[in-house]
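Peer 1: Each chain is listed here by its residues.
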Amino acid sequence: MSPSASVHSAIEPAESPLTPESWGKLGMWIFLAGDAVGFGVLLASYGGMRMTSADWPSPYAVLGINLTAAMTFLLICSSVTMVKALEWLGKGDRAKCRIFLFFTALGGAIFVSCQAYEWSKLIHEGLHINGNPWGASLFGTSFFLVTGFHGLHVTGGVIYLLSIIRYVTNRPSPAASYNAVEITGLYWHFVDLVWIMVFTFMYLI
Amino acid sequence: MAAAEHKHPNYMAIFWYLAILTVVEIAVIYMPLPKVTIGVLLCALALGKAALVAMYFMHLRFETRTLGMVAVTPLAIATLLVFLLLPDGFAVAKRTVGVKAAVGAPAKH
Numbered sequence: 097m098s099p100s101a102s103v104h105s106a107i108e109p110a111e112s113p114l115t116p117e118s119w120g121k122l123g124m125w126i127f128l129a130g131d132a133v134g135f136g137v138l139l140a141s142y143g144g145m146r147m148t149s150a151d152w153p154s155p156y157a158v159l160g161i162n163l164t165a166a167m168t169f170l171l172i173c174s175s176v177t178m179v180k181a182l183e184w185l186g187k188g189d190r191a192k193c194r195i196f197l198f199f200t201a202l203g204g205a206i207f208v209s210c211q212a213y214e215w216s217k218l219i220h221e222g223l224h225i226n227g228n229p230w231g232a233s234l235f236g237t238s239f240f241l242v243t244g245f246h247g248l249h250v251t252g253g254v255i256y257l258l259s260i261i262r263y264v265t266n267r268p269s270p271a272a273s274y275n276a277v278e279i280t281g282l283y284w285h286f287v288d289l290v291w292i293m294v295f296t297f298m299y300l301i
Numbered sequence: 146m147a148a149a150e151h152k153h154p155n156y157m158a159i160f161w162y163l164a165i166l167t168v169v170e171i172a173v174i175y176m177p178l179p180k181v182t183i184g185v186l187l188c189a190l191a192l193g194k195a196a197l198v199a200m201y202f203m204h205l206r207f208e209t210r211t212l213g214m215v216a217v218t219p220l221a222i223a224t225l226l227v228f229l230l231l232p233d234g235f236a237v238a239k240r241t242v243g244v245k246a247a248v249g250a251p252a253k254h
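Residue numbers (our numbering), protein chains in the order written: chain A, 97 to 301; chain B, 146 to 254.
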């Protein structure tokens with residue numbers, strides 16, 4: 097909600113809280129809800145496959161969690177730079193907002209690079225989409241499917257962030273781009289939130 | 146207006162909570178506890194972290210009820226899905242206990 101929207105609702109508290117400026121936010125939330133169901137189905141079916149398998153490997157022993165723990169920390173950091181970008185834009189400082197948006201995108205890019213490194217290392221060790229040396233072949237299938245789907249979201253997020261930096265630059269005033277940056281933030285934090293789930297269910301448990 | 150005053154929560158505090166919870170998660174998997182307890186603890190910690198991100202980073206705590214309803218819908222669907230899959234999971238797991246023991250045995254040699 098932008099400052100003008102909060103003033104508006106303060107004057108007219110009985111009115112519908114969804115002002116036209118928050119329609120975009122509502123749209124993003126609906127998209128994210130659908131996306132969350134997509135990830136929910138992937139993780140639930142992962143759980144179902146794992147429960148019914150007789151020889152599912154121990155994920156943290158096979159995959160290793162040192163790198164992924166660092167990647168988790170990196171995504172949390174990039175979420176903080178995202179909220180800082182919005183905070184600076186709210187204060188009218190476009191230059192600082194752009195710097196923090198850039199750091200957020202950089203965090204995402206490093207995350208995807210780490211994932212590419214992890215994938216190639218695991219493939220080299222024998223983890224393939226159709227089989228692996230440690231047990232159930234669906235282990236590899238579900239690993240690549242879920243982390244790949246999340247990785248695509250991060251890649252999309254980096255492109256989204258870079259294009260929003262341009263958008264912030266081109267708008268007539270900082271306030272004119274506040275809503276768009278907040279919506280971008282929703283997407284980015286969602287990607288972080290999903291990773292929290294993926295990290296727990298696919299690596300730790 | 147109260148909501149406007151709380152517009153920017155203490156983001157660094159949330160960051161530290163998330164970082165500490167991640168460390169706790171990693172510590173939990175090395176604890177000498179039954180597997181089920183570890184699983185339940187990890188689920189609880191993950192949900193706690195997800196709630197922190199949604200409530201403070203995504204500002205859900207300060208948003209209208211409509212957005213809250215949209216956000217909660219997938220959670221309800223996911224919960225339903227888990228309960229739909231669990232009975233089958235338990236049934237097959239029970240049947241494959243013998244198989245698991247047979248598969249696990251050669252690895253010890």
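Rather than coming from a laboratory, the hints here were simulated on the basis of the structure. Each hint should be verified, as a subset may be incorrect.
[Stated by the list, open to error] If you want the footprint, here are the derived chain B segments under chain A, 3+ residues with CB under 8 Å:
1) 166 to 177
2) 184 to 190
3) 208 to 221
[Unchecked claim] Only some residues are given here: those of chain A computed to face chain B with a beta carbon under 8 Å:
4) 133
5) 138
6) 143
7) 158
8) 160
9) 163
10) 225
11) 285
Nothing here was measured: the structure is a model prediction, and the numbers come from that model. Idealized CB from N, CA, C, for every residue including glycine.
Peer 1: Against each hint, give a clear statement of whether it holds in the structure.
Peer 2: Hints, one by one, checked against the model:
1. 166 to 177: holds (count 5)
2. 184 to 190: That given contact holds, which follows from 4 residues of the region 184 to 190 of chain B lying within Cβ reach (below 8 Å) of chain A.
3. 208 to 221: holds (count 10)
4. 133: holds (5 Å)
5. 138: Violated: closest Cβ of chain B sits about 11 Å from residue 138 of chain A, beyond 8 Å.
6. 143: The hint holds - residue 143 of chain A has a Cβ within 8 Å of chain B, the shortest such distance being about 7 Å.
7. 158: Not OK, violated: residue 158 of chain A not within 8 Å of chain B, min 13 Å.
8. 160: Hint on residue 160 of chain A: violated, closest Cβ of chain B at ~12 Å, above 8 Å.
9. 163: violated (12 Å)
10. 225: violated (22 Å)
11. 285: At about 4 Å, which falls below the 8 Å cut-off, the nearest Cβ of chain B leaves the hint on residue 285 of chain A intact, so it holds.
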